[in-house]
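Participant: For the sequence shown, the UniProt record's numbering gives the first residue as 1, with consecutive numbering after it.
Treat the hints as calculated values from the structure; they're not laboratory data. Since the model is a prediction, treat every value here as computed from it, not as a measurement. Think of the CB as a built atom: it goes at the ideal place given N, C-alpha and C, for glycine as much as any other residue. Relax, there's no trap hidden among the hints.
Below, simulated EDC-like cross-link-like pairs (lysine to aspartate or glutamate); rule was C-alpha separation at most 20 angstroms, straight line:
1) Lys208 x Asp193
2) Lys43 x Glu84
3) Lys183 x Glu233
4) Lys137 x Asp193
5) Lys86 x Asp45
6) Lys86 x Asp111
7) Lys210 x Asp193
8) Lys210 x Asp62
9) Lys183 x Glu228
10) Lys208 x Asp112
11) Lys212 x Glu84
12) Lys44 x Glu84
13) Lys27 x Glu84
14) Lys37 x Asp123
15) Lys44 x Asp62
16) Lys137 x Glu154
17) Lys27 x Glu217
18) Lys183 x Asp193
19) Lys210 x Glu84
20) Lys86 x Asp112
21) Lys137 x Asp159
22) Lys86 x Asp50
23) Lys27 x Asp45
24) Lys212 x Asp45
Cβ-Cβ distance ranges computed for the label pairs, FRET-style:
25) Ala229 x Ala150: 24 to 34 angstroms
26) Leu187 x Ala22: 29 to 39 angstroms
27) Pro231 x Pro135: 15 to 25 angstroms
28) Pro231 x Arg136: 18 to 28 angstroms
29) His61 x Pro213: 22 to 32 angstroms
30) Asn23 x Pro182: 42 to 52 angstroms
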Amino acid sequence: MAAVLLIFFGFIVALGVAGAVANSRRKRALAAMASAKQWQLTKKDRRLPDTFGGRPFATGHDRIARIVLNGWHNGHAILVIDYEYKTPASTSHQVMPGSDSPYMTPGNNSDDTHNYWAACVVDLPVPLPAVEVVPRKRHASHAAGPGILAGAPEFVRGDPGFDQRYLVTTLNQQLAADILDPKVLWLIASWPDFAWRIEGTRLLTWGKGKVKPVWVETSLNMLVALAEAFPAEVWRTARG
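Throw the hints in and build the complete structure from the sequences for me.
Facilitator: Structure (structure tokens):
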């Protein structure tokens, strides 16, 4: 019995060490990415999460942007956020990247669970009302708190392929109709599932897990392509 316990605890320690090594490697990779792109890297920003009104920034406590990258990408001002918040362990779960299986991540306080999310943001030229587009089959996995569009009606575009694949919520149905024109629908149809939201002057995407360079590069490229595909009429209307 003692030998079994020793093996078990040895396995747990090995997992912890492997996780710490992987996290250290990830942080070094992000620092190298920031240096190569001349982005600013800051740590432990507790104010930034509160400037967002939607998920994944709309729930939990002890919210913190553990790593923040900001700079320019393809001519657009951007933010990258390695985000964490805590919730009571009995009401929270995590999903391993690439898996639908939940797992618990106990924090220092036995009543808390640490929740890790990644977000990328591209600045828009003028503020727009909130519009959120989330893949239907992954809607639950992108839900993290009620968000600014809680209770907002669904917008149906009238394109069967898009409407079956994505859930769109907004309080401004005309804006959603203007944004989701044929060019944007074609662009989105060519991509894998991609959650995004307009929030004022921010266009963002988010996902569970910690920020990694490959995800950052892909997400920013998609956000920039999306922003540049928005019809000119959207900006003219917003400017009045």
